[in-house]
Amino acid sequence: MISGGIIVMPKTIQLDELECEFKDEILDRIPDANFDLCLTCGTCTGGCPASEQLDMDPRKFLRMLLLGMDDELKSNPWIWVCTMCGRCQSACPMDIAIPKFIYSLRGSGPRDKRPKGILGSCDQHIKSGSAMGVPKEDFIFTVEDVAEEIRENQPDFKDLDVSVDREGAYMVLNQNSREPVTEPDELGPLWKILHLVGADWTYPSVMWAGENYCMFLADDEGWKYIIEEFVYHIENNLKSKLVVNTE
Amino acid sequence: MRKYNIPHTFKLTTIIELYAQWIREGKLKVNSDWNKDLKVKFTIQDPCNIGRKSGSDKIVNDLRFVLKTAVGDENFIDTIPNRSNNFCCGGGGGALQAGFPDNRQAYGKVKFDQIMATGATYVIAPCHNCHAQIEDIGEHYGGNYHVVHLWTLLCLAMGILDESERTYLGPDLAEVGL
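Protein sequence lines, in the order shown, are assigned to chains C and Y. For the first sequence, the tail end lands on 247 under my numbering, and the numbers increase by one without skipping. For the second sequence, the tail end lands on 1178 under my numbering, and the numbers increase by one without skipping.
Don't take each hint at face value.
To be verified - Within a straight-line C-alpha distance of at most 20 Å, the following computed EDC-like cross-link-like pairs (lysine to aspartate or glutamate) qualify:
1. Y:K1058 <-> Y:E1025
2. Y:K1029 <-> Y:E1017
3. Y:K1027 <-> C:D161
4. C:K158 <-> Y:D1162
5. Y:K1029 <-> C:E19
Said to hold, decoys possible - Now the stretches of chain C that chain Y is said to cover, found in silico as 3 or more residues with beta-carbon under 8 Å:
6. 60 to 73
7. 114 to 125
8. 177 to 190
9. 227 to 233
If you are wondering where the hints come from, they were derived from the structure by calculation, not from laboratory data. The model shown is predicted, which means the values in this text are computed figures rather than measured ones. Glycine residues also receive a C-beta, built at the ideal position from the N, C-alpha and C atoms.
Here chain C stands alone, though its shape is the one from the complex (with noise of 0.2 Å):
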């Protein structure tokens, strides 16, 4: 390095000496992270999509972690364009926990700082059951409106029999809410298929909907509260006994 014409030795970072408290913070919720084993190999890196957007890439993010760097971590947008999808974790060689690292740092801010628009679906879900803010009136209104077509345009399936909140149903599915608010003509060939196998099936009212959102925010509280409310209403109210994923 030079600086002012005289050649200055750079200094030795002292690892000892470093304060790494969201290394610290993290590792006290997830104790086999496993950070401090990092080779700094760059698999992770090698096979990550998201390597290279905003100038960043998981393998750089961990040592910003183990060097303390928590200010540059915090405020670095590359949390949101990471998808944690998990392919860095699996394809190392130390299975360090990376996407809860991300998931850790995405919670770490203040709430209403996080990105609008998966704070606004967030919110959303745990108002009205779906990340589309649709309320179930219109929810079960669509799905009625659809299977009535159906009948009556499809001789085949003039007994298809479609319910929202049928108590004693075998099975519970829940759906996307793009589906019934943006293509509800693309729910008719599922209820077709399980009108073919006899399914006993039914949606429910209460977190109808697949998505979540409130996970995207590292919104813990949020998560919780809508898969307490969608368990409550199955095990209380319908008393199904499978719950099916439509995705």
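Based on the hints, put chain Y in the right spot on chain C.
Same frame as chain C, now just chain Y:
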């Protein structure tokens, strides 16, 4: 539920595993005769959540069984890599609404190139985030493929897909089995 220790007595499954079970049991009578001469090619985007993150390849193997039954073994072309080792499409983790669309599309270029290398004209992406992202990168980078739901394809193969349920099919399949 595991994460929050929420007790429950019901079991969880996916519609893909049920399709596979129903086909094996003979309840769902699907075959690929309709595609014998057409030879329309299909590929799969393995959603991370049902592949790598589910802890096994069971669901994505069932997905291949179901798709091959419906379109014919020779008309299914896998991406490389695939299943637990797939590349994320870039639409997950909230990315569709995270406010970084340019980065999301750049991320998706890896998946787009994989799909184009298969030469398939139809992509099955059984996760709504994957579905939307793959449609978006297809438009963005000029892919000529369609993204369709598995249930649409199963009904097509069984000859029960109504005209009103074909919005997302290409012209090659618009009339098949009507």
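Verification of the supplied hints:
Restraint check for K1058 (chain Y) and E1025 (chain Y): satisfied, since their Cα atoms lie roughly 17 Å apart, inside the 20 Å limit. Under the criterion of a C-alpha separation no larger than 20 Å, the hint pairing K1029 (chain Y) with E1017 (chain Y) is consistent with the structure, at around 16 Å. For the hint linking K1027 (chain Y) to D161 (chain C), the alpha-carbon distance of about 18 Å falls within 20 Å, and the restraint holds. Straight-line distance between C-alpha atoms of K158 (chain C) and D1162 (chain Y) comes to about 14 Å, which keeps the hinted pair within the 20 Å bound.
Among the hinted pairs, K1029 (chain Y) with E19 (chain C) is inconsistent with the structure: their alpha-carbon atoms are about 63 Å apart, more than 20 Å. For the segment 60 to 73 of chain C, the proposed coverage by chain Y is not satisfied: 0 residues have a C-beta within less than 8 Å of a C-beta in that chain, short of the threshold of three. Using a Cβ-Cβ cut-off of 8 Å, 6 residues of the segment 114 to 125 of chain C lie near chain Y, which meets the minimum of three, so the contact claim holds. Only residues whose C-beta sits within less than 8 Å of a C-beta in chain Y count toward coverage, and the segment 177 to 190 of chain C has 8 of them, enough to reach three; the restraint holds.
Here's how the segment 227 to 233 of chain C fares: 3 of its residues keep a CB closer than 8 Å to some CB of chain Y, so the rule of at least three is met and the hint holds.
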